[in-house]
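Asks: Build the full structure now, drawing on both the sequences and the hints.
Protein chains: 2
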Amino acid sequence: MPTSKRFPTAHLLNVNERFFLIDCGEGTQIQLRRFKFGFAKINRIFISHIHGDHLFGLFGLLSSFQLLGRKNELHIHGPGEIREMVLFYERYFGTEQSYRIKVHPLGYTREMLIFEDERMEVFSFPLKHRVPTCGFLFKEKTAELNLKKEAIDRFKPGIENIHKIKKGDDLVQSDGTIIANEQLTLPPWKPRSYAYCSDTAFDPGLSEFLQEVDLLYHESTFSKDDEDLAAKTGHSSSVQAAEIARICNARKLLLGHFSSRYKSTDGLLLEAQSIFSNSVAVNDGDVFEVERTRTENIPEE
Amino acid sequence: MPTSKRFPTAHLLNVNERFFLIDCGEGTQIQLRRFKFGFAKINRIFISHIHGDHLFGLFGLLSSFQLLGRKNELHIHGPGEIREMVLFYERYFGTEQSYRIKVHPLGYTREMLIFEDERMEVFSFPLKHRVPTCGFLFKEKTAELNLKKEAIDRFKPGIENIHKIKKGDDLVQSDGTIIANEQLTLPPWKPRSYAYCSDTAFDPGLSEFLQEVDLLYHESTFSKDDEDLAAKTGHSSSVQAAEIARICNARKLLLGHFSSRYKSTDGLLLEAQSIFSNSVAVNDGDVFEVERTRTENIPEE
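Those sequence lines, one after another, are chains B and F. The first sequence begins at 1 in this note's numbering and counts up by one. The second sequence begins at 1 in this note's numbering and counts up by one.
Each hint should be verified, as a subset may be incorrect.
Stated by the list, open to error - To give a feel for the contact side, a few chain B residues facing chain F, derived at Cβ under 10 Å:
{"hint": "1", "residue": "T3"}
{"hint": "2", "residue": "K5"}
{"hint": "3", "residue": "L67"}
{"hint": "4", "residue": "Y92"}
{"hint": "5", "residue": "N283"}
To be verified - Beta-carbon label-pair distances, calculated as ranges:
{"hint": "6", "chain 1": "F", "residue 1": "N16", "chain 2": "B", "residue 2": "K263", "range": "28 to 36 Å"}
{"hint": "7", "chain 1": "F", "residue 1": "I159", "chain 2": "B", "residue 2": "K232", "range": "50 to 58 Å"}
{"hint": "8", "chain 1": "F", "residue 1": "S4", "chain 2": "B", "residue 2": "S264", "range": "20 to 28 Å"}
Calculated directly from the structure, the hints in this document are not laboratory data. Built from N, CA and C at the ideal position, the CB exists for glycine as well.
Replies: Here you go:
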């Protein structure tokens with residue numbers, strides 16, 4: 001349940017200025033406005049499962065898109081029931097609909113690639129909850145080599161050569177001299193990844209698919225003392241979330257989806273940090289950046 | 001549309017500790033929590049029309065009632081489509097529903113008594129909007145005479161006599177002496193009334209039914225300068241709202257439902273006050289009390 005300080009679940013993911021909304025609890029559009037995000041930029045929404053605290057904000061968002069005169073097609077990846085919800089919405093509230101909504105039903109048997117473009121991939125993977133539920137893994141693709149600006153300014157290769165250089169070729173100049181690729185490029189950025197796991201019971205089986213994830217969000221509904229409740233309701237404790245982060249070799253763990261029974265999340269965070277030190281208990285509006293690193297160290301000049 | 005400071009529409013009305021929710025825009029349950037209202041006390045909800053900004057909070061509220069283990073039947077008065085919404089809700093989100101929801105469809109041809117108990121009445125009345133829309137008038141019934149505590153303490157009439165005294169009878173004591181009713185009672189409280197008009201185009205025809213209303217809420221979506229937009233969209237300007245208050249002889253006017261196009265509501269309020277001075281532009285969380293007055297002045301001793 002929401003509290004006076006916490007709205008239900010929604011994450012906004014920015015992958016190189018491409019924006020993805022993950023779950024859409026009641027009030028998501030209100031929070032997006034409060035945190036000054038022009039949400040017309042969202043073209044793709046991922047809904048993990050058909051529980052109200054993860055999707056009751058959908059109708060309001062669809063409606064505001066319409067009031068803003070949205071034209072771009074909107075894609076929603078979610079449980080099959082989302083199609084029924086969208087039909088219901090369109091029937092009663094979308095009669096003047098200015099844009100198309102396309103629903104992509106999720107599968108629950110295994111990890112599946114559900115979206116890709118030239119720079120990234122999105123996978124769904126099954127979680128263990130009371131109803132069919134998916135997590136989502138967002139992964140950048142391996143990038144091309146980065147050009148060294150000063151070298152490009154100096155040797156001025158044409159567009160065609162630049163494409164070749166980015167793929168690793170040396171530059172053959174018009175006088176026949178060869179400039180080695182290493183003089184022209186930096187190693188590519190390491191592809192970054194973000195995994196979203198909500199809601200789920202403790203499931204160490206996730207660790208294989210999420211191995212080495214940079215940023216892991218894992219629900220943390222209960223305290224260690226309430227793990228019986230967690231098991232009964234298909235949720236996890238903060239300690240279990242931390243254990244998943246540990247066995248995944250994640251770089252950082254975000255904890256959320258706290259039960260309203262806890263006045264403070266300090267206790268849950270401490271429990272998690274005892275297992276996985278780089279854990280954070282998130283608050284509404286928090287922003288986390290996954291820093292870019294090179295695939296290899298650049299030797300100093 | 002909601003803004004970072006204003007949630008969509010919802011009013012909570014307290015009539016002698018009986019609580020009524022009027023419209024239920026997205027985030028209503030969140031605001032009720034923020035303003036510290038234990039919303040399990042709500043047993044009756046009134047929905048004016050089937051536009052999202054007046055009811056997208058319904059699913060979240062129904063869901064939280066369930067999580068709180070609600071047992072009491074919930075009554076919803078609203079457009080017939082609300083029945084479809086409730087069925088949809090129950091099908092996908094209410095499988096473990098702990099309480100019954102009873103929907104009472106509204107009529108749109110004339111004023112109708114839609115609820116009453118021993119102390120109050122609720123009427124619906126048609127408004128002029130793009131879709132069938134009702135306003136609601138809440139009226140206390142004429143109260144009985146109030147007992148003068150000191151006189152009751154002195155003459156000690158039995159329970160049976162007290163009922164008669166409240167209806168105006170004198171008290172005949174066991175020794176045959178008669179105590180005049182005026183010595184035992186104060187004039188009753190004047191029945192108070194609250195009218196809710198949202199959303200509607202300017203409709204002076206409302207004034208007859210709402211004559212002498214104590215507190216009038218009237219939507220005020222636009223400024224006087226945008227009255228063409230108001231007419232086109234089935235809304236009112238603040239000046240038109242004030243004109244309704246004036247011809248109703250309302251005691252006080254509340255303005256709301258402001259278009260997000262206005263950075264401040266000061267201009268709209270000033271326009272309204274030039275027509276009806278006791279106008280207020282409401283903010284989320286504002287509380288207004290309709291003060292009780294006696295039906296007649298009490299002569300000083």
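Asks: Would you mind marking each hint as holding or not holding in the structure?
Replies: Quick rundown of the hints versus the structure:
no. : hint                         : result
1   : T3                           : 6 Å, holds
2   : K5                           : 9 Å, holds
3   : L67                          : 6 Å, holds
4   : Y92                          : 6 Å, holds
5   : N283                         : 15 Å, violated
6   : F/N16 to B/K263: 28 to 36 Å  : 33 Å, holds
7   : F/I159 to B/K232: 50 to 58 Å : 52 Å, holds
8   : F/S4 to B/S264: 20 to 28 Å   : 26 Å, holds
In summary, the one numbered hint that this structure violates is 5.
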